[in-house]
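**Q** Now for the letters of each chain:
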Amino acid sequence: MPEIFLNGQSVQAREDQTVLEVALENGVFVPYFCWHPQLSTAGNCRMCLVEVEGRGLDIACNMPVSAFMKVFTDSDDVKAHRKAILQFITLNHPVDCGICDKAGECTLQDYHYTYNGDASLSADQKVRSTKYYNLSNRILLDNERCILCLRCTRFTHEVSKSMALGVERRGDVSNIRPVEDRPLGEDPYSDNIVDLCPVGALQSRQFLYKSRVWYLKATPSVCPGCERGCTIQVWHRKPEWFLKSLDARQNTAIARITPLENPAVNGPWICNKGRDLSRIFERTRAVEPMLKGRPVPVAEAVDEARRLIGAARHPVALVSNWGSNEELDSFKRHLGEVFVHAHVKTDWQPEEGERIEDDLLIRADKNPNTAKARELFDETQPAYHDGTDLVLVWGEGYDFAKIPPQAKIIFLNSYLAPENGHADVFLAISIQTERAGHYTNFQGVVSRFEPCFAKGKHVLDAEALFKALEAPPRGHT
Amino acid sequence: MPGRQLIMSFPVTATSHTLAEYRARGGYQALEKALKTMRPSDVVKEVTASGLQGRGGAAFSVGRKWQVVVYDDGQPHYLIANADEGEPGTFKDRWILEQNPHALIESMLIASYALNVRNCFVYIRGEFDLPYERLAAAVEEAYAAGYFGERILGTDFSCDIVVYRGAGAYVAGEASGLIASLEGKKSYPRNRPPRLTVKGLYQRPTVVNNVESLSNVAWIIAHGAAAFKEVGTPKSPGTRLFSVSGHVNRPGVYEVELGYPWMKFLEEDCGGIVGGRAIKCVVPGGVSSKVLTGAEIRDLDLSHEALWDVGSTLGSGGMIVIAEGTCMVTLAQILMRFYHHESCGQCTPCRHGTGWMHRIMDRIVAGQGRPEDIERLYYISKFNDGTTICGLGDAAGYAVSGILDKFRDEFEYFIEHKRSRCDGNLECLRSS
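Chains as they are written, first to last, in this note's numbering: chain A, 1477 to 1953; chain B, -11 to 420.
For the record, the hints were derived by calculation from the structure and aren't laboratory data.
Facing chain A, from chain B, some residues (calculated, C-beta under 10 angstroms):
1) Val159
2) Ser175
3) Arg180
4) Cys335
5) Pro337
6) Glu360
7) Asp361
8) Asn372
Pairs of lysine-lysine residues, derived as DSS-like cross-links and limited to a Cα-Cα distance of at most 27 angstroms, are as follows:
9) A:Lys1602 with B:Lys370
10) A:Lys1637 with B:Lys187
11) A:Lys1602 with B:Lys406
Because the structure is a prediction, the values reported are computed rather than measured.
Built from N, CA and C at the ideal position, the CB exists for glycine as well.
Next comes chain B alone, as it looks inside the complex:
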């Protein structure tokens, strides 16, 4: 495993997800520590001091998000764990829900204590069957053990949890869309302001955190912010779970200490590229992050700041490795099909832009591309950027313009010759 492990720090067995084994690993001691020795504000301070960044995509400081919530403003607060993991290529939260659900539950209890939350929610993706079963079982175990309900561990703190299964919309993974869905409405994302930490679920202050971000909280409370900061890089403390897929020999979920060299990770931990081919490009963190070519990642470390420097992001940790010989035009077509299908249709640029891009890509792949299509894709991408309510429209634009920036020649070739330049040759010769 690359670097130190915080979440995947134990061997997975048939029973390693149970409460008994979690406690044997030292579980729920952080909860006890928080409830009995720390004030809620101390917990928020500790999490802020740890520098923990959101693991869902935006990498916003978890502690800063929590600080917006005023502890005793006289209204109910809500905490939601976003387990609607729908970004293509991302399946890391699934591992936590399946193999370490108590880490999430304990962390949610600590966060609820810190934020004065009486009811917290897990919004879990509807397609997740095993994760849901494991999480539901873990919640039952936690209730039976007295970690939920009234007066937890003999303190004044009471908390309940609801596990809610989504109905399969990608856009419900966006925090405000998730809240709309949880309220029983169509999962339309909402305009900001107001921010969700001011008016969220049922118009009350609501903190929505990714499953992985929350799962780090228990470790931070147990070991202290200073210990957490020692892991990773100064600007990106901690570890991240990467779900690696694509042309690698050993795809799967890996916990990587931030700052770990990227190529070393791919070659040693993931077993290198299938068939020993060269890396054509890598989608670093879910398809909404811009692709990086093999040359670009050669000397990069896996850390937020390194990725930001090259104009991309670690995003949701869904790493898709693409080997030479893969047709980027077809890849773009598949991505556009996804965004077109998942656009919620609320706001104009994304509703029509994603469909437009999808139709253009379909036409190019069908051999009916026109020379102006590339300009048109850039146009749509440009006017989707920053004009939509949520990030889906921007992401669709980034995805296509990211590929276009780096592989424009392949598009031009496809439009001119009505076939892919990668047809039949795995060691595709790139002109650049």
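Same shape as in the complex, but just chain A:
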């Protein structure tokens, strides 16, 4: 373990580390644009210049540790050079923060305020370049804002391996451009480059001009898109910024979804499907319980369900693999004795055109909690017979035609669906963004999600519902 001196402070470093890594590990912040822990070192932004005694200035991200080196990250020379590098970077940058989605979470903005703060020294016209360049149907590129850190090209070469991006031309008219015949649109991880971009050059079309980031709050959550269970952040409007001019739906919509770094599961990435969860969660919701298609108060529906369960001789349950660990446990604890035959149901099948599986993140099972459901319940398909008199279906994705006609149906679903009205008892339940819980991924890693929004007035939490259904029926036979 070589010992090095950071601003005079002795620290221990590993031999394979760079000075930048050692500094960050020891709480000494060195600014950088192009460096990223998961990507190769490009060393092109020159922002992480530090001074080494006897060797002058060099970039920390490409500087191997050597014993007893004396590194200064804040000397006058370093400060002057940082300032100059920011002058160079902002020389042709449009500084259009006022209309830039990245404003508020922009590295360049932060560094400018921290390390430079001066107006531009240039009196000349800025180099103009393409704006709104169509990289794919998901991403727009603003070449004027681009600082050519090449994180995005390195990502497509090293992580997603789509090799979809390259640099065209040279000098200050260099542009990031898609490579012929390798469309970025077919890269299922392409949206990560939007997060990687330290400035506002790469813009998500979904999020374009949708909200300023300081109106938003990031709630930690878990992506239910496949059994990988990547940890994500769901960005939604802060309650204090709810506006009357926006209707309730807009105030409580998912603004965007970004990865939440988690070395055990997904690292800093998620796939594009995980960014599109609003397609799943923002379908029309079922808002109230029904008996054979007739809306009823919650208590009446619950009582009827309890009566059916109490009366059943051969009940069968189909358990959702979108249920959280808590809900699955609750079902097992409260209804496990009644429903001896409880089978795991696969709620969500791969969609047409979706990438089924790859060796980065995406898994073939498109449901979040299959691992936990299989641990508790029967993996096989239910075997119905003439005596089957009750089927409890929890969650969507089940064909009611398979259920024998004599059986009563209790259906728990969150979304509006034709089956809702066919069930003898229909109960509307909450979705993941309305409750807290945990999912267990296929590796056995348990991740927690937090509620983002309040659930509807007549919508039930499945965990509490199962407890309520356990109690013996009152006044009915």
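Put chain B on the given structure of chain A with help from the hints.
**A** What follows is chain B alone, placed relative to chain A:
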């Protein structure tokens, strides 16, 4: 010719570049000597002992570069001759490729033998047509004569060569940019460490030498390091090819023994200055070296140490002689246009700095200069120095600050009067 000749030692005729004539001049005997009587380590020792310095610009010891490569470390090694001669004012390697290609080929074979190289490369500038044809023909001749391929001259040594044509980027002449280009990538120079002699082409130890540096190797092996050291000065042994251009009566490529008096060379060999004018300044070795005024070079010798003493360098040997009456502001503008056009755009200071300097120079020449522009040029130059991945950014800064240091009054005049002080008067009166 000024002093002794090692490379240009024969009269150029229509056939003097062929294998037959090269052998008649004693060619390929050094290869035979190296392969049959010397161990690879002896060759490296001999080249190190000769004190041969790189001729591409940095003047780093060739032998010391070679010593970094471990002969039998179990991985492939590569040797690359850098024939991407793009420095403005430099056209000396071109002469070797056109008139003496076998000197390069023989030297590369000897170097490959010394460094355990199975495949060597020549990265030749794409715009070089005749040099490429001559070199390609020479390679074919060498293959036909059994100097390449398996078991060369009956020994265990085997070697092949690839001649690769570049696509016209100045920055591909930088060794790591060259390697990126050779690998089929955009010619972005690479950060060091690791050094190229540790991880170069295809992540293997690679020696990149200038064509002229390599071409000296055959002579050194044939005549011995001691004989080489007798030529030139103790600190700068050997000769250098200078490509002289600008306001001289006889521009061209000259082989000059190092240590030869500079003015004598210009006046006797190059025929003096056009029209008998005074020398205003000289760009000694490609535009990336700092300019020297006529007064500064008066008593200088052409040697590395003499140039280093006055804060410049012999660089790539591209000597541009500039006579009195030439506008230095316009010269700086032209240089900045070049650097702006050739900056690869990889790292920040050079990508934006070269363009910034170019725009400032354009503005000054257009009569829209501002008094603070000179400070701004110094600022850009200062923060390009040592902050970039390769030397292009530094060179652009040196070029402009070198001219500014010595001709600041001309810039001030141009900014104030919106025209050049040299307009219409060839015998420009300098205030200093």
